[in-house]
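Novice: We have chain A; now place chain B onto it with these hints.
Number of protein chains: 2
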Amino acid sequence: MTGMNIRIYNAKVLTMNSSTALIDGEVWVEGNRISYVGPGTEADKMPVWDREMDAAGNLLMPGFKNAHTHSAMTFLRSYADDLPLLEWLHQQVFPMEAKLQAVDVYWLSKLAIMEYLTSGITANFDMYLYSDMIARASVDCGFRTVIVSGLNDFSFSLEEIEVDYLRLNRFHELISYQLGFHAEYTTSEELLKGVAALAHKYQAPIFTHNSETKAEVEQCIGRYGKTPTAYLDSLGMFAYGGGGYHCVHMTDEDLDIFKKHDLAVVTNPGSNVKLASGMARISDMMAKGITVAIGTDGPASNNCLDMFREMFLVTGLAKLREEDAAAVAADKVLEMAVCGGARAMGLTDCDCIARGKLADLILIDLNQPNMQPLNNVVKNLVYSGSKQNVKMTMVNGQILYEDGQFHIGVEAKEVYQNANRIIGRMK
Amino acid sequence: MTGMNIRIYNAKVLTMNSSTALIDGEVWVEGNRISYVGPGTEADKMPVWDREMDAAGNLLMPGFKNAHTHSAMTFLRSYADDLPLLEWLHQQVFPMEAKLQAVDVYWLSKLAIMEYLTSGITANFDMYLYSDMIARASVDCGFRTVIVSGLNDFSFSLEEIEVDYLRLNRFHELISYQLGFHAEYTTSEELLKGVAALAHKYQAPIFTHNSETKAEVEQCIGRYGKTPTAYLDSLGMFAYGGGGYHCVHMTDEDLDIFKKHDLAVVTNPGSNVKLASGMARISDMMAKGITVAIGTDGPASNNCLDMFREMFLVTGLAKLREEDAAAVAADKVLEMAVCGGARAMGLTDCDCIARGKLADLILIDLNQPNMQPLNNVVKNLVYSGSKQNVKMTMVNGQILYEDGQFHIGVEAKEVYQNANRIIGRMK
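So the protein lines, in turn, are chains A and B. Counting in this note's numbering, the first sequence runs from 924 upward without gaps. Counting in this note's numbering, the second sequence runs from 924 upward without gaps.
No lab work stands behind these hints, which were simulated from the structure alone. Take the hints with a grain of salt, since some may be wrong.
Pairs count within a copy or across copies, as identical chains cannot be separated in the list.
As the list claims (entries may be wrong) - Straight-line Cα separation of at most 25 Å, SDA-like style, residue types lysine to any residue; simulated pairs:
1) Lys935 x Gly1327
2) Lys1149 x Glu1334
3) Lys1116 x Glu1258
4) Lys1211 x Glu975
5) Lys1124 x Phe1017
6) Lys1211 x Asp1005
7) Lys1350 x Thr1271
8) Lys968 x Asp1185
9) Lys1137 x Glu1245
10) Lys1022 x Glu1096
11) Lys1137 x Gly1201
12) Lys1350 x Met1019
13) Lys935 x Tyr1002
14) Lys1336 x Glu1325
15) Lys1211 x Tyr1163
16) Lys1137 x Arg930
17) Lys1336 x Leu1297
18) Lys1149 x Ser941
19) Lys1022 x Asp1179
In this text, all values refer to a predicted model and were calculated from it rather than measured experimentally.
With the rest of the complex left out, here is chain A:
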């Protein structure tokens, strides 16, 4: 399937290339890259097409980047809800995860990938157990994944993540690997120092859960006299950048550290709402010029893997938090969901529609009642968009989802059966 030439014409193109202006025209995909965007009048330069798709006036745009998730936690969706974070983690999640087998992660990741595709998500930043299975599931589906190690006192070792870093970054064009650890509160100082040493050894960014709950921050201050951000910074963790997932309870000093090291905040409003963790300081982060990306978090805590819901919540919670209906405008949210995510994940080749960029594209159905009238397409996407509007999702030049059908090398039913079999075995 790779190497196809696809012409998508009669589209409204939202390039996200330094502006949210729309172009009426077409996009050409040759192999896995975009070879042209424009009015389509250069017919003499056209290659031979494997497929010409009439976009019928619908919106073509870069795919969303899900910048924080634990994909394979699909097995715990709607299994353990309505609990605070630490209780949920220790009483429900960890005991069930102990029963997970490597191959389970393969099927459970595929289930999440399917949902990403329905939501126009073309890449994920995935922290979970069994990295090889995550990589294999993504490659087999044709999906793009940045794996991040979830090192902690109970899972993985420094040696393992170093081996994975070297190996999985050369595994496949759809896979990359970033160094990370689960969180300050699950990882000993000795291990954290080891992670910081790896950051220096490979001049690599480091990612982790950071300041998700008030209790986590208070406990870290109790242990080390510093917030998680300040403490990790004091270990030299962020000398080569990286970022934090959640970042709900951040001090001004924390934000200054993020700015200083060019760290990305990956906000997870759906999960923060459902676990009652709080509302992140998105307006303040924007004011300081910090990169903000958006993640769904895992399906056990959210429970939905839906970038439309997350986008609405990013601006909605900011408005609530600041008591200001003008906080965090729609175009800024869209930039976070696309460009901010690409930046945080090291996927700067997938961040916009331009010649030479990787073809990670989505087609949004504007001929649905929630997109009408067409007063402002960007606001429609952020304030009233829905999975129902995703007509087509393309990753790396391949159409993986179109008109409700998956093209991921396996029947949807088989994935559902495996997911139910896995949780059934554990109950």
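Specialist: Only chain B this time, still in chain A's reference frame:
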């Protein structure tokens, strides 16, 4: 089309009839009413079917009730965003509404009805201008609407709403009409006393926007020395029940008044988030035994007409507000979206799947990644459900939406064209 006999078999049936337990079986619809729910073994009692629908193991349940909206405001979707409520209302909404013509409301209401159908909403509680056009749009689509008068100092008169009350309650089986006024802050005391007199004359419930913003409550206290709820109660407004839309900033005394008169709270979390109005005291309302229903509010403020988003927000904002991830469990939210709405709207004949009830039903696609695995269908609906899961929406025994196609007597394209023409004329 009315009077068809439809058998829906091979379904998981969520009756919402005093429990959220599932029945594996089928539902029979004869004309506009449910004639049977059960295992389907009584084949000798079956009527002649106009259609037999294989639900393929998907979920059949009562439709959602959108208990507060201004449907025809679709024309302002994504037109004026990111403004506080009063500014938005006075600088953006009112000037544009002045340009509305009666027939515009017909087309704009139809656009909203289409979106309701995509979200599994089978009835709306609609406050807007040109009641006849609202009624006509609903009847022509086959949709169920409870119209509520939006009397204020600038629109309608007491005489008009009394005439409408008597006339529109006899207009068509799909239409009913409740007495109401826009809000305390837009309606003179003289008019309010007139509304209260009508409540007594007809022993009728009264509905209004209530305590949506902090400023509104403070101004009312400044004017009358009482909160809106206490002030309206002092006028005898609620002698025969009714309810309030929004109810974000409520005192304990306000809640006691609601309980005393059996008033319904219609919560509108999407709109309250987007306009930065605040988070309602849902947990406290539940603890007092107050009926809670859910509304999308209008498409100019929300901007989405999506009961799935609202359901997630009802529990999500309660969890955030109480800092308690256990607040407002999923089954309670589902009851609000179905039964609470039916109760508030006087549609107690549409509140569950049982013999003799009106056939307002939806079929939810469980064969989608966001609904898998099937750990808990009710939690799936509330926490990860989406418009994408709505396979079929039936109102009054008629299928109005199925597999992405509308059956409302008009082409979708014609509705979109009219909506764009209307806002285009105003700009």
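Novice: Now look at each hint and say whether the structure bears it out.
Specialist: For each hint, the structure was consulted:
1. For the identical chains of this complex, lysine 935 and glycine 1327 are neighbours both inside a copy (21 Å) and across copies (22 Å), given an alpha-carbon limit of 25 Å.
2. In this assembly of identical chains, lysine 1149 and glutamate 1334 lie within 25 Å of each other by CA distance neither inside one copy nor across copies; the values are 50 Å within and 62 Å between.
3. Proximity of lysine 1116 to glutamate 1258 under the C-alpha cut-off of 25 Å is found in neither arrangement, the shortest distances being 34 Å within a copy and 51 Å between copies.
4. Within a single copy, lysine 1211 and glutamate 975 get their C-alpha atoms no closer than 44 Å, and across copies no closer than 60 Å, so neither meets the 25 Å cut-off.
5. Within a single copy, lysine 1124 and phenylalanine 1017 get their C-alpha atoms no closer than 32 Å, and across copies no closer than 63 Å, so neither meets the 25 Å cut-off.
6. Taking the closest pair of Cα atoms, lysine 1211 and aspartate 1005 come within 25 Å of each other only across two copies (21 Å); inside a single copy the shortest separation is 34 Å, beyond that limit.
7. Taking the closest pair of Cα atoms, lysine 1350 and threonine 1271 never come within 25 Å of each other, the shortest separation being 42 Å inside a single copy and 39 Å across copies.
8. Taking the shortest alpha-carbon separations for lysine 968 and aspartate 1185, neither the intra-copy value of 41 Å nor the inter-copy value of 71 Å comes in at or below 25 Å.
9. For the homomeric pair lysine 1137 and glutamate 1245, the shortest alpha-carbon distances inside one copy (19 Å) and between copies (14 Å) are both at most 25 Å.
10. Neither within a single protomer nor between protomers do lysine 1022 and glutamate 1096 lie at most 25 Å apart by alpha-carbon distance, with minima of 31 Å and 56 Å respectively.
11. In this assembly of identical chains, the alpha carbons of lysine 1137 and glycine 1201 lie at most 25 Å apart whether taken from the same copy (8 Å) or from different copies (21 Å).
12. With identical chains, the CA atoms of lysine 1350 and methionine 1019 are at most 25 Å apart within one copy only, with a shortest distance of 9 Å there and 57 Å across copies.
13. Taking identical chains as interchangeable, the C-alpha atoms of lysine 935 and tyrosine 1002 lie at most 25 Å apart only when they sit on different chains, with a minimum of 19 Å there against 41 Å within one chain.
14. Taking CA atoms no more than 25 Å apart as the test, lysine 1336 paired with glutamate 1325 passes in both settings, with 17 Å inside one copy and 21 Å between copies.
15. Proximity of lysine 1211 to tyrosine 1163 under the C-alpha cut-off of 25 Å is restricted to the intra-copy arrangement: shortest distance 19 Å within a copy versus 54 Å between copies.
16. For the homomeric pair lysine 1137 and arginine 930, neither the shortest alpha-carbon distance inside one copy (50 Å) nor that between copies (53 Å) is at most 25 Å.
17. Taking CA atoms no more than 25 Å apart as the test, lysine 1336 paired with leucine 1297 passes between copies only; the shortest distance there is 13 Å, against 36 Å inside one copy.
18. In this assembly of identical chains, the alpha carbons of lysine 1149 and serine 941 never lie at most 25 Å apart, being 38 Å within a copy and 52 Å across copies at closest.
19. In this assembly of identical chains, the alpha carbons of lysine 1022 and aspartate 1179 never lie at most 25 Å apart, being 41 Å within a copy and 49 Å across copies at closest.
Checked against the numbered hints above, the structure breaks hints 2, 3, 4, 5, 7, 8, 10, 16, 18 and 19 and satisfies the rest.
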